[in-house]
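Undergrad: Construct all of the structure, not just a fragment, from the sequences and the given hints.
Chains as they are written, first to last, in the numbering used here: chain A, 16 to 336; chain B, 4 to 358; chain C, 117 to 504.
Simulated from the structure, these hints should not be mistaken for lab results.
Computed from a prediction, not measured in an experiment: that's the story for all the values here.
Treat each hint with caution, since some may be false.
Just a few of them, taken from the derived set where beta-carbon distance is under 7 Å, the chain C residues facing chain A [as the list claims (entries may be wrong)]:
#: 1; residue: Gly177
#: 2; residue: Pro247
#: 3; residue: Leu313
In this text, a Cβ means the ideal position worked out from N, Cα and C, and glycines have one as well.
In case you want the letters, here they are:
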Amino acid sequence: MTRTLSAPVTVAFDYTRSTGPVLGRFLTGLRDAKLVGGRTSEGKVVVPPPEFDPVTHAAIDDFVEVAPTGTVTSWTWVPEPVAGQPFDRPFAFVLVTLDGADAPFLHALDVSSPDQVSTGMRVQVRWADERVGAITDIAGLEPATGNGPTAVDAPEGRLGENPVTGVITPVSLDYQYAASPEESAFYRGLNEGRIVGQRCPTCRKVYVPPRSACPADGTPTAEEVEVSQTGTITTFCIVNVPFLGQKITPPYVSAYVLLDGADIAILHLILGVPADEVRMGMRVKAVWKPEEEWTYSLENIDHFEPTGDPDADYDTYRHHL
Amino acid sequence: MRDVAVVGFAQRQMEEFDGSPTCVELLVPLFAECYEQTGWTRRDVGFWCSGSSDYLAGRSFSFVSAVDAIGVIPPVNESHVEMDLAWAMYEAWLKIQTGEVDTALVYAFGKASAGVLRRTLALQLEPYTMTPLWPDTVSLAGLQARAGLDAGLWDERAMAEVANRSLTDAEKNEYSVRKGGSSVEELLARPMYADPLRKHDCSPVTDGAAAIVLAAGDRAREVRDRPAWIGGVSHYIDPMSMGTRDLTRSPSTARAAAAVDLDGVELAELHAPFSHQELILRHELGLADDVRINPSGGALTSNPMFSAGGIRIGEAAQRIWSGEVSKAVAHATSGPALQQNLVCVLGSTTEGASN
Amino acid sequence: MTKQPAAVVGVGQTHHRAKREDVSMAGLCREAIDRALEDAGMTLDEIDAIVVGKAPDLFEGVMMPELFLAEALGAAGKPLLRVHTAGSVGGSTAIVASLLVQAGVHRKVLTVAYEKQSESNAMWALSVPLPFNMPVHAGAGGYFAPHVRSYIRRSNAPTHVGAIVAAKDRQNALRNPYAHLKNPDTTVESVLASQMLWDPIRYDETCPSSDGACALVIVSEDVAAASPNPAWIHGTVMRSEATTAAERDQVNPQASRDAAAALWKQAGITNPLEEIDAAEIYVPFSWFEPMWLESLGFAEENGGGWRLTESGGTAMDGVLPVNCSGGVLSSNPIGASGMLRFGEAALQVRGAAGEHQVDGARRALGHAYGGGSQFFAMWVVGAEKPSN
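TA: Now the structure itself:
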């Protein structure tokens, strides 16, 4: 048995970024297969244009179109690309100063071995087939040919029409989430149909779930205490609002349930009673999912439902609010 | 300025921590070590400050449960920076300077192995035109290394010398996750990984945590015979853009160095996650040839995100406490390719402790 | 060694909106910064150090965004700090910035806090499901609603008090040119008629999701001498406790009570209700006004808060005008919300709050809280230089 339980979790969102006028101008250019730099107060053409001048701090408003060809000023080999990078085969990240610019920018160079890249080499832009106004409209860089970049269909009209004002950036990160050893004991108990807490050796309070540090005194909880599957609703909320990532369909009651034998309430669902009949002090018991559905999760308990016993006296739980 | 010293330090570093990304179970024994070193309880600590990152943990508010490890009844005077431990220490140093408190315990933690660190750190870049390409940390460092190689500012041998010395020194550091020096020739014979970097030029992914205890004046003298007095602490940031800054230099390090007194420094703990970065830092700090560099093995052999910078301060302080040296400099970095840098001078006397 | 005097001489904020699609993150911050600098009569080049605050990085999907923002914020070549203390962060950030001056390290410090919530979805960012756990919370509202219920039970509050707060703050917002929500028709009745979202919290009793930023210029005594109306910092406090602990008081947390006691002591205040002329209190859900009034010592526990609110005591013309700016209920760029409270308090004592100015305000409270009511940051600013 491993010391701790762990499971994968993905944190993913497609961020909607508004670009402001300067980056918008640059991205509008990319969409139209043009490279736009900004001229700084010192007269340097920088690609992508900095939003604010490094010296005067004023917004950059002098834009210059530069060439889709340039010179490598530094490079590094990427032997094991990670997800999201421009190529899924080994490639080089390069700093390239485009012709007409005074400072290099970062992108990926599509060559098959480090022998094919060198500082000072000439490269050109390879445009993506479909361009939306994003840095990935440049599919990558490639060694320069005599003819320059392959021409692409640029939209008719003047540069900057229907300017790009936003860009969507998908961010998806995979993590392996581990529970602490104390939490793992709790989840393993749930896998056996038990609700297991631990007592803090310093303040003697029973924590459910157990804690790596008792928040009152910083001592890890230790002595295992199996608590009752029956308890008291201390307080609750009726959730009527749907939200992204929600697993339970509203309306539902989320309640703090102080299990008999525990000194801290757990948060869970209340079912088996109309939402508007749930009360502070109501006595409830755990209703488990069928055993074959059990995992190492608090979700093994499907919900709590009223026991039908009289409500607990306010004084028995008022210190848990 | 008040005389403030580092009087406690504890650390954990490992390749893969199997516990929770909140690292509470790592912090509890670290705090216990700090109490043992100082003879204090948590109630003797006037101010707490931590450093960590939500994206490292993969969840919002990843730092909130860390205060459990303190034990927060009664509640505490506490703050958090989304930065390395060294900057958390800086905030605590400020707090002590105001006279509001006399003591502080600062800590940081990070479980880099919870995600794919090379991808996670791509989120640290300019989000409109850089992150969508997912440039990884190693690649950005590689561009920097190449710039210096091309300019003739350093060569592969100099980088290998840094790696070999670090790996050799790491053998004596129980916390280093990579160790074992050989020879410069042997290292140079190893294959390129991310040309121009070999694997030993890059720090390993490291999980860990660390804590530093600060105390002012007599509170420090009560704890140790030779407190590590902070002679000066200074930090600056450079622009992020890889295109408009000279990657072979670190102006923010030079600026921070100019704000402190490095005269007579015998030892330097430099936060250089890549071998060539140590060369840049040595140059910017103007360290003499006889200054001992990274006797701990440095971040090249063990680089726990968000505590590795502060660990440099702790490592330097330990060598002041022991009498091994009388004056040392510690450095911490943050951001891609040495973007942000902090320099802290430690000494065995309070002389020059004000900057 | 005592704290060096420090004062706010510049306050700037953005026009807060659900979506500021006209600006980037840097542009949003600069809008607030440029206004603060103009107010202070300074340029970015004069600034010694910059302190940035914002709430979770997952909101914008950028890890430590201050790094990429450094140059646009004018921080390149300067010291830069990044604070993150959950919802209290705007207040904590202002306090860290003031430390830089109070410690005697810097003379002119710029601080900026922002959130661009429209880049993602706060409910998602705050509720990313974790393995093994049960995702029963529904964002911040779902988290705080049970504790509001506890307050109502404990204090026997009539259920319309939350609506009084919401209607008051929304009306106050009409006097604030920067406020996000501008609903002239909001009344107690309309709030009560709005949908019950997280029972007992109604839709109109919740804060909006905003894009926005706030910036302050905090300076030393010698620099403040040049300002016609500095807001002197009379006290700053931060306190933290655990999110959950056995028998933790989640309605009136000890960290809040301790922080308030320490703050009043620092500021030399013995009767806050009499001595504070205006308060900007972090009220993201309407019921938190009476809850914090009690916790902060403006009213008796277990009912004094709602009675003060119900009596009109917290209205613009009341004994303690609370959230004359419209508060968090009218504008909520999360990371900046705390700094907006601190900045609005400074505007009041500088006599610079415009249409929502409280006549003759001399001392004001700025307040922020975060996490599960566990992180607190507060300051008192005054028109007079502190004597203590």
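Undergrad: The structure should be examined with respect to each hint, and the outcome stated for every one.
TA: Hint-by-hint comparison with the structure:
1. Gly177: Holds - the Cβ of C:Gly177 comes within 7 Å of chain A, reaching about 4 Å at its closest.
2. Pro247: holds, 4 Å
3. Leu313: Given a least distance of 5 Å, the restraint on C:Leu313 holds.
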